[in-house]
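Enquirer: Relying on the hints, combine the two individually framed chains into one complex.
Residue numbers (the UniProt record's numbering), protein chains in the order written: chain A, 1 to 528; chain B, 1 to 948.
If you're looking for bench data, these hints aren't it; they were derived computationally from the structure. Glycine included, every Cβ here is placed at the ideal spot set by N, Cα and C. A portion of the hints provided could be inaccurate.
To be verified - If you want the ones that stay clear, here's a sample from chain B, every Cβ over 12 Å from chain A, calculated:
(1) Ala-33
(2) Ile-112
(3) Val-315
(4) Asn-469
(5) Gln-576
(6) Thr-580
(7) Arg-640
(8) Glu-649
(9) Lys-650
(10) Val-816
(11) Val-855
As the list claims (entries may be wrong) - Capping the alpha-carbon separation at 20 Å, the derived lysine to any residue pairs in SDA-like fashion look like this:
(12) A:Lys-88 - B:Pro-451
(13) B:Lys-475 - B:Pro-451
(14) A:Lys-72 - B:Arg-230
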Amino acid sequence: MVVLAASIVSKSGKVLVSRQYVDMSRIRIEGLLAAFPKLVGMGKQHTYIETDNVRYVYQPIEALFLLLVTTKQSNILEDLDTLRMLSKLVPEYSMSLDEDGIGRAAFELIFAFDEVISLGHKESVTVAQVKQYCEMESHEEKLHKLVMQSKINDTKDVMKRKANEIDKSKIEKTRGEKGGFSSMSSMGSRLDSSFSDMSISHGSGGGFGSGPSFGMLSDVEPINTKAKDRSRSSVTAAPKSSGMKLGKSGKNQLMESLKAEGEDIIEDVKPTGQTRAAVAAPTDPFTLTVEEKLNVALRRDGGISSFDMQGTLSLQILNQEDGFVQVQIETGGNPDILFKTHPNINRELFNSESILGLKRPDQPFPTGQGGDGVGLLRWRMQRADESMVPLTINCWPSVSGNETYVSIEYEASSMFDLTNVIISVPLPALRDAPIVKQCDGDWRYDSRNSVVEWSILLIDNSNRSGSMEFVVPPVDSSVFFPISVQFAATTTYSGLKVNGMIPLRGGGGATPRFVQRTQLITQNYQVV
Amino acid sequence: MDKSSTLLVHYDKGTPAVAKEIKEALEGNDVEAKVDAMKKAVMLLLNGETIPQLFITIIRYVLPSEDHTIQKLLLLYLELIEKTDSKGKVLPEMILICQNLRNNLMHPNEYIRGVTLRFLCRLKETEIVEPLTPSVLQNLEHRHPFVRRNAILAVMSIYKLPNGEQLFVDAPEMIEKALSTEQDPSAKRNAFLMLFTCAEERAVYYLLSNVDKVSDWNESLQMVVLELIRSVCKTKPAEKGKYIKIIISLLSATSSAVIYECAGTLVSLSSAPTAIRAAANTYCQLLLSQSDNNVKLILLDRLSELKSSHRDIMVELIIDVLRVLSSPNLDIRRKTLDIALDLITHHNINEVVQMLKKEVVKTQSGELEKNGEYRQMLIQAIHACAVKFPEVASTVVHLLMDFLGDSNVASALDVISFVREIIETNPKLRVSIITRLLDTFYQIRAGKVCPCALWIIGEYCLSLSEVENGISTIKQCLGELPFYSVSEESAPTETSKKIQPTSSAMVSSRKPVILADGTYATQSAASETTFSTPTVVQGALTSGNLRALLLTGDFFLGAVVACTLTKLVLRLEEVQSSKTEVNKTVTQALLIMVSMLQLGQSPASPHPIDNDSYERIVLCIKLLCHRNDEMKKIWLESCRQSFVKMISEKQLREMEELKAKTQTTHAQPDDLIDFFHLKSRKGMSQLELEDQVQDDLKRATGEFTKDENDANKLNRILQLTGFSDPVYAEAYVTVHHYDIALEVTVINRTKETLQNLCLELATMGDLKLVERPQNYSLAPATSMQIKANIKVSSTETGVIFGNIVYETSNVMERNVVVLNDIHIDIMDYISPAVCSDVAFRTMWAEFEWENKVAVNTKIENEREFLDHIIKSTNMKCLTGPSELEGECGFLAANLYAKSVFGEDALVNVSIEKQTDGALSGYIRIRSKTQGIALSLGDKITLKQKGSS
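In isolation and in its complexed conformation, chain B is listed as follows (with noise of 0.2 Å):
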């Protein structure tokens, strides 16, 4: 491993300090020059300039000095400098420190030789320790519990070193010693703490010889207790039970923090129901108890980690897990739902229910920020209820379809999503629903929900009064026909006038979004308003909210509202026996329909309608005109047939996606089986935890690396020079998260020596040297190591290159051979991932940065194209499969991925196939940042070619 840093102080190179002036200023007697310049001398030390001669100045005048603060600064340029040569020897002249240090912990300030102590724990050379030993044994009997505290760790950090057991046979007996008479709670825990990593039968002899008194220790060696039993029980599996009673005392412990621990260390070592029961109630009462967001958070983590393993439990458990929804935060309140989703059973799911209407009924009467994103999740929550259990659903609908005339668009918008699935999937609900339905139709104000509602309207009125009464109901909503009087034609250039300017300007703002089913299209900026703010209705209870609409220009809702009618007349004419009555409603109708077309072009409306909606409505005027069997059944069946099965594929859908998960769950063939009346081994599981701990803490400090295919390896050598060139190199280039390690091979083919060789990197973009190149001198025909460190800050692609400098011994200048560029692929860095589809549309239109590249690609089919696309730029599909099927010559799919850095990449893929058979179209790439979408623009225009 490389040499482990221990500090980072930021080091402005504006100002460089200059070795001479640090040198006089140690050497003269003003304190406050002194501690400058060793501050200076630390942090030139930290950005790897070691100026050796500084090493001896500061011997010889730093190190008699008095000052506490530069016996300090002493300690951390030492702690910082290298003490080893390079074959690993200590250097002669640290000899010279031991004095000093020994002095040190013999020093009547006890404050001194705390920080020494503290120092030593940090030095990792035997030699230099070795002298010292006798001191810091003499430290631990010291008066000053801040001298034994420190003077414990040093003897746990020694005797943790290669051959520090040979330095202190008996320390463990000696701390054991210590303990027994410690009082000072800080030393008691270090000196446990020594015991569990040096001695661990004897901590857990001390800890077994006090088992009455663990419940009165202090928190923090209650902390350390916790540790030593799960490290005990993961070697000692047998022994769990002596423990338990220990771990279940602390359970009623004052601090928190040892609850939480508590909690944690039951699960790891037992699985039996009542443990898992105890670790949850416990979570449950510091979620409540606990007021930090970040402490609750963490909390429902590991909720969520008990129910994915002990599910059943956390089924007794859903209530109090669902109080949490008292606290005000967004995330929180998210995460809760989302565990308590998962355990929703037969039993609790009413009470479920009513808890989350309570919700729902609360959001109505705060006036809270975030009350409508809250109120649009609930609804969310128990729409996922009423999909897992019919049943509910009854009980909820009616209160959910008052929130239909809410202000919060998406919260209406999943209300009225809700109830269309509802009434298909639940036919005995139909009746009371489009009641309710017509009843509060003219509260819906937002031109998204209208159209939604006048489709359920449309499609599921089927009784002769209910066809009267929605026909009757859209009539109302529309007002008195015409939609535009002379009177209002009459002052025509004022409205004109002021509405002019701001669709001048809107036509000006149109720009492409990405359409719901992936289709990349172009949107009126008049509707993206009704998007994206709601358009509520001006004044409008006396004219209805459906003219309201239509006044502002939405034509799509006037198309919907023809088609509606449509629809109702056809079935009318079904059910209505009197002829006579049947006209008229038709007649009606096309008077409707009519006035809406006249609307369109007239120039009270704020732009003239649109040709989609223009068609859309003369067909059912034509239709209207003359119907036949055909049509009807194409408008009355196939149209709700093609809703059933879209329906039915979500849910199939959901329903794989579950089996997979399930699929996982399963028992293994040659697991055992469980007699319920003999004695369950479930108490006897495994620990799964086993190195858990150990793993974590290798894994942060980047020690943790897989042991990687050596073939692979292979296939990433880099040839740097060519094979003429007196010098040959190649890298091995590994990416790790943050850094990029090269490590270079470098063989002279000469045959003179070459001195002072020296690799000299450069790079370009978000690339930064680690270290300063060192010289090195190669003999004839042989080849050495030179390792590099590169540091990665955001996903673009880098360059490294440079050149190698060398000189031989007859010709005395430099010769220079150039190096091959390395380049960094970022698809190193980004990782497939998955966002919401409106995540994905609210990034899109936020993000800056596009890059749009044209298809350009021998590839004839649309899927293999895609497939080739998502394959090449290691992305996520997020458009579902059953979207892309079909063969109609288009295809439109979004793509999705995530930085190691945390940075987005959305990519949208439009193509069109041709009719001479070649795909056209553009793969759109849009990101936070410049870098990324060039980068991986610049890769998708080299893979898009073919198949290589």
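Isolated chain A (complex conformation) (with noise of 0.2 Å):
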């Protein structure tokens, strides 16, 4: 696979152009090219030539050959295809296939020959890719003239007006106004340049004590990420090698016969280096799970636009056993939610005495590890002002001479502790990251995407609000809509809460151990 050099040598044996893609001494590579012409034989129709070191892979074009000189165990196929690749660009490039049309296009040749080999690796390009690496015709540089020109323009706009400026003040000093004015300005530049002294100092102090909990952050996320990856992966995994059974059996016979051979073969290979814990399998015989998902979109000069909020009880049991049972619920008393059971469920005992249980009490609740569970209750939320929404967003973008400040902020109600707070705002397609000129908490800037990620890791009665202010290029406000927000949180709309299992055969009364989670989530939270 190494491709030691690519060479145009003339029939007589002159080195035209050669390109080294590894390190090699010159006397080497020297040695090596003038040996080639004295190997190639005439008459062979082949157009490789092996020797105790190299191999030289040809190709004649009219009175000079185009060779590579690789190792020994170079891929060959790959090596054929590089050399056509090769002789396709010399015609491109050179006028005349002879001595001097190539020494006269040699660092054309030279640049074209390192589109196609990088470091000994062939790269996968055509011919017109290769040209148009070599025109090097960009359209982001044409942009960035075009920008630098009106730059220009600009500053020389602002140049004339400075000018003028500076003119009528003149005009007006002549009038004969004088004083310690100039000194005093420039004494309070000074004190102004040691105030920014101090605060930056103590930015960077503050930065400090922010850091830990920063990183926390970004390590946390990825581990959960590459834990679903691979658990999923491995479920994946399972049933293909089943279906790999039926469809490639011949490629199972030959596994199959490999191992009785001798060879030790892991057929279902998990990545081992870097294993982490993955989610811990629930242990208690029940899981009860009550979520809200909010979809919000806020407007963005303040008011709710629309506002919508599901609720899900769902319960999960680990045994078949243990499927006998009622559940005893508690329901905050929000006027505004209404509770639907499932069409399984008792509703009178509900209603009654909020008690969840099955319509006919000899059957059991389904049981299973899988999914979330059984869907025992649902309700809605439709209604609400903007007191009952979690968070509000103010964003303010305002154009000020050649840059655009953008100032947000946040306000939470109290309702909630909100953790993991992330407001991610759109940008314009930037080259660089804007510039944050205050922010309370972190933000980072995704290129790839050209949003501004701004997240608060937890925000409870001491941040009710806070704000972040960033500064990019002139455009138009209308880009930083819609802001998506992401958030959970503990509490509930709902305030359900469980209190208690009642199992309804055997056990001795004692109330069996159960879990309960409690979430409210964002699925689409948007300030349009």
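Expert: Take a look at the structure:
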């Protein structure tokens, strides 16, 4: 796989151009290339030569040889591809295929060869691509030049204006005003500078303090996703291997016989390095999950465009024999919320005693580990005023001169403590990250999606409101919307709680152990 | 190691570029002129002319240029320029280019960024790279894949530099992240490559977490995966099992390059029969699907490697291998047959021979150029089969005998020698072969084949009917006697006129040739023509082939006819009871012989009969006239016996060769034993490949040097100046393949500092100095080492001469010390090699340069002399030891060697022991180039004197 050099040699043995891709001394490459013409025999129907140390793969082009010097282990199929590619390029860059022509185009050829082979490895490119790469016509450069030009023009304008102002002020000065004004201003500026020094040192200290928390945040997330990925991949791998048994029995036979012959083959390969504990499997007999999902659209000038909260209560039972139970719950008494039970649930029992049990008490609840368990209860809330919204965002883009200042602030309702808040503000396509003037919490710029992400780990009573300010080149303010927000909370609108489990059979009356999870999460929370 | 070179451009010394012109052009504003000047500057740099003042000009005037081509050329210039001082510290002015490089890395043009990143890949100086690292990292997230892919490579190269890990502590992590989101196949490949070389465990992790997707990956990425697997398995053989599945899934990839690589990997990782079989099968499929000859040949190489290590598995695939014979390329066919012949067993011999027969028949129908040669190859293959497995001989011999009349003399010759061997070794086939031969004898057209066929008839016609049949066949082929009639003689003037000029030309073109047994003989041009161009008899079916050949003047054939007839008659005497019949035959035979003699002396023959044939025919006549038992015994039995002896010796030799071959594959005494019932250890065997790939690269780049014996090194020291010279110098000469390295130790013997000391070397012959000499200053009584490299481009004795020039402080003139010449020995470049007899003879005929050295030696024994020549010329003796046996006072042998540049050197030794005990004769050297012939001749002249 390693191409040592790509060269063009004349039939008489003169080295016209050679480009080496691995480190080798000059005497070595010259020796190899000098030996080549002597090794080329006439009347052979193949175009490679092997010596003790290297292999030459060549192609005659009129009075020249185009050749690759490779290692002997090199993949001939790939090398021939490379050679073919190069042979197409040579006539593209050299007018005449003789010594003079190649000599004139030597450097262009070297540039072209570089595009095809990088560090000895073949690049998959086409002739057109190579030409494009060598022409180096860049759209972005043109854009950049235009921007530069306009900037220059702008500056000229500014210059003119300033010049006018100065002229004016000069005229005013000549009118005879004198004083220590100038010295005053100089003092002020000194004061300013010392202040800014202080603030910098303070800021850095603060940054240091917030360091660990940031680290935690960034660490936690990838772990979760990786664990998920892995569990998913292992789940999907299992059925796939059985599918292989049916479909590609031939390959499997190969493996089987390899095993029989003593090869150790591990079929379901899981990455071993960096293993981390996967999500612990549920060990408690009962798991009850209360989950509320928010779909909210806020208007950018305040007010709610739409509000929708959907809640579910689901029950997961580990063992079949524990299926005969009832659930005692307590609702928060929010009048805006309407509960709906599953059709199989005894509705009267729920309405009267807030107990969830099956209509036919001789049947158990379905069991199983998969999924979220069985949904028992659903509820919705659609009407809400602004005070009910957990988090409001206020975004003020303002254009001043050549820059757009964007200041964002959030205000959280005291009803909820929010965790893992991420506010994503879309930006125009930028080359550099925006200049952030001020920020409560942390921020990150994702250049691929051009989004600035403002993250606050926890919003509680200490920071019910916060703000961030950044500067970008001038753009239309509508670019910054829709802002999307993600967060989670452990308190819910409904305030639904599970008070206990009532076993219907045996058990001696002791309440079984159960786990309750309650969370409020955002599904689609946007400022439009 | 020497400074590595990254590019070469041919530079015409005829038009020297002046530094001043370049400078002016660089300072100007004309872009075209600037480009040209940059190119010239780079070329000058390549030729070792570092014009230091140019560098500042370039920094001042070229760095700010906006033109892309200029920027690229600038990068080339920077790539070539010496960036460190003699102590390895980075020159201070290099800091100036850093800013420019950083600007380039942040350039709005993505291609400028890309090429700059690529330039960074070739940069070795950590100090220059260091300030650029943040910019490199930013490019990892550039929008354009072209930039990203080069950025990844740049990160990899920088990370690999000494101390590179400190520049990029978290490089592997970043690349891993980039890899997970990367879409561009090339950038993805590069990222994976980076992980593979810099953080293997991360690459493994990525691979294993994407096991299911491997088969969908891009071709180039799959290649790196295979490379990774090989490297991981090398270091941790225990984890091999994890990867076999991946390899097997890649075996069904779409790209043939990947499949090829896969098979190679499989072979290197496992020696389990299934794995080998899968790999071999893959190779066979590729053989059939790929149309490129190069690919086929290399695949065949791989197969023959497999064959030597896993013959039992390859045996199963022999028919698949033989399918490749459909390719029209002779080299491929030859290789295929070579492989197939080693794989023949009792089980597949029939199939193989069937297939070969089919191919032979095919060559008859198609009218392709190389058919004759191909047929010859096939016949040789069948011959080899039949020797190994005599039972198949019966099925093929008749088919092959159809080719006796072939117009291709070589293949007909092969057939007839095949028949000769079979008829001796396989007595059961004798009768059928003889009948067949007698039936087809009249078809034989070639003057070379006839004698052999006649010999078979003479030796193996045993029964009465066969003998009679034989005699009549010969008579038939000779046609009506006498060979020329008076009517023909009536127009002798015409024919002789026609023939005369040609024959005189022939006589003049007589030249010596080497006979098959190594003797150096003068061969008449006439018989040579029969050798090279088959004399196919013109319109001769009516007159018989023997007659026609005789009429062209082939009297050697006449002698053979006479001998055959004599043998047949002698045998007839044994089997025929009727005396009259015998006598009748004897008279007929005598008549034939006499008419042949007559023809030989008549003007109708193109040239008169040679003495050898004449004597032989006369001997036959005498014998037939006075038959006795002793003579009969010699003619009928001894002749056959010597043939049997020859055959058995040949077989013995083949057996010995085979034994020598198998000896190496015997199990070692401490090898583990495989129990069939237990788990086989084959799969667990150590990886043979080990560092093969790495070594391969090292050998290719010339880094691989064997540890040499220091004592040996001391032997090769040459003293260059005298002990009393102000400067003492001695050199240690190492000859590598294509270059000679001189390590000169220079010692200042004076009490003054020598300034501007310079070692000036010049060469004669095909040698070239690589570098320009440098100036040094040498303190009193100190020594220093100067290295010089000299390039060699052909095998020839070369001479390096030179002098040391220096200045002292008080005398303002230069002193010169002339050095001893250094002779480069041709022996360092040639190595013993083997070639076939036929190839040797054709080369001998073709080569233009001959050097003839008269033997002049004190050695009195022929063998001893030959051994001495072989030893002192480093050549291989092609003439077999059995042919050199015996004390007859004559010795002839062929020697052969090949140079590292692929040139052939042929030597023929012909010596005779004089009556006074001294040896006389000639040694002839032939080669394509004058250099070899001359230098080898000098060498022999020098060395032949005695056992010094």
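Enquirer: Against each hint, give a clear statement of whether it holds in the structure.
Expert: Comparing the hints with the structure gives:
Remark: the non-interface label on Ala-33 (chain B) is consistent with the geometry, its nearest Cβ contact in chain A lying 15 Å away (cut-off 12 Å). Against chain A, the non-interface label of Ile-112 (chain B) is violated: not every CB pair exceeds 12 Å, the least being about 7 Å. Distance to chain A confirms Val-315 (chain B) as a non-interface residue, since its nearest Cβ pair spans about 17 Å, more than 12 Å. Separation of Asn-469 (chain B) from chain A is adequate, the least Cβ-Cβ distance of about 46 Å exceeding the 12 Å criterion.
Under the 12 Å C-beta cut-off, the non-interface status given to Gln-576 (chain B) relative to chain A holds; the minimum distance is some 56 Å. Distance to chain A confirms Thr-580 (chain B) as a non-interface residue, since its nearest Cβ pair spans about 62 Å, more than 12 Å. Consistency note on Arg-640 (chain B): stated as away from chain A, and its beta-carbon is indeed over 12 Å from all of that chain's, at 43 Å minimum. With a cut of 12 Å on Cβ distances, Glu-649 (chain B) stays outside the contact zone with chain A, its closest approach being about 35 Å.
At roughly 31 Å, the least C-beta separation between Lys-650 (chain B) and chain A is larger than 12 Å, which holds for a residue marked as non-interface. Non-interface status of Val-816 (chain B) relative to chain A is upheld: no Cβ of that chain comes within 12 Å, the nearest being about 28 Å off. The claim that Val-855 (chain B) is not at the interface with chain A holds, since no C-beta of that chain comes within 12 Å of its own (minimum 32 Å). At most 20 Å may separate the alpha-carbon atoms for a hinted pair to count; Lys-88 (chain A) and Pro-451 (chain B) exceed this at roughly 57 Å.
In summary, the hint linking Lys-475 (chain B) to Pro-451 (chain B) is supported, as the alpha carbons are separated by about 15 Å, within the 20 Å threshold. Distance hint between Lys-72 (chain A) and Arg-230 (chain B) is fulfilled; the C-alpha atoms sit about 17 Å from each other, no more than 20 Å.
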